Amino acid sequence: MFSFLSLTLLAVGCSGPTMYSVSGSVSFDGKPLPAGVIFFDPDVSKSNDGPQGYAIIKNGRYDTAAPGGKGVVGGAYIARIEGFDGSPGEELPLGKPLFTDFQKAIELPKAKSTQNFDIPGKR
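So in the numbering used here, the last one in the sequence shown is 350, and the numbering has no gaps at all.
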């Protein structure tokens, strides 16, 4: 009995924070971003010390719940996007970079959410 109770309490204590999925669209210069990666970096300056979230961007869409992604705990984040042309090469699996990292401060809810990003083209 003691072993079962100990294991049950241990399992409950190791579950970690509740993670929420974030999905949405990413456009560059008014068109869907062909390929990229989006990171949700916790904004420690606003007391968010939760884990980083991330997702792969394909044809202008992303979802942290998709394979290769990781959700967020909610709160203040810096969304950071790396965008590529989607024409893979031997050394560039996502293609050539289209812009330097785009960053935007955002507040994510403690729930499943949608966040869309419009990255301006070079002017």
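To be clear, the hints were calculated from the coordinates, so they are not data collected in a lab.
Keep in mind it's a predicted model, so treat the numbers as computed, not measured.
Using N, Cα and C, we set each Cβ at its ideal position, and we do this for glycine too.
Treat the hints with caution; some may be incorrect.
Claimed, not checked - The calculated label-pair distances, taken between Cβ atoms and stated as ranges, are:
#	residue 1	residue 2	range
1	245	317	25 to 31 Å
2	245	327	29 to 35 Å
3	339	317	16 to 22 Å
4	315	349	19 to 25 Å
Hints versus structure:
no.	hint	result
1	245 - 317: 25 to 31 Å	violated (41 Å)
2	245 - 327: 29 to 35 Å	holds (34 Å)
3	339 - 317: 16 to 22 Å	violated (38 Å)
4	315 - 349: 19 to 25 Å	holds (22 Å)
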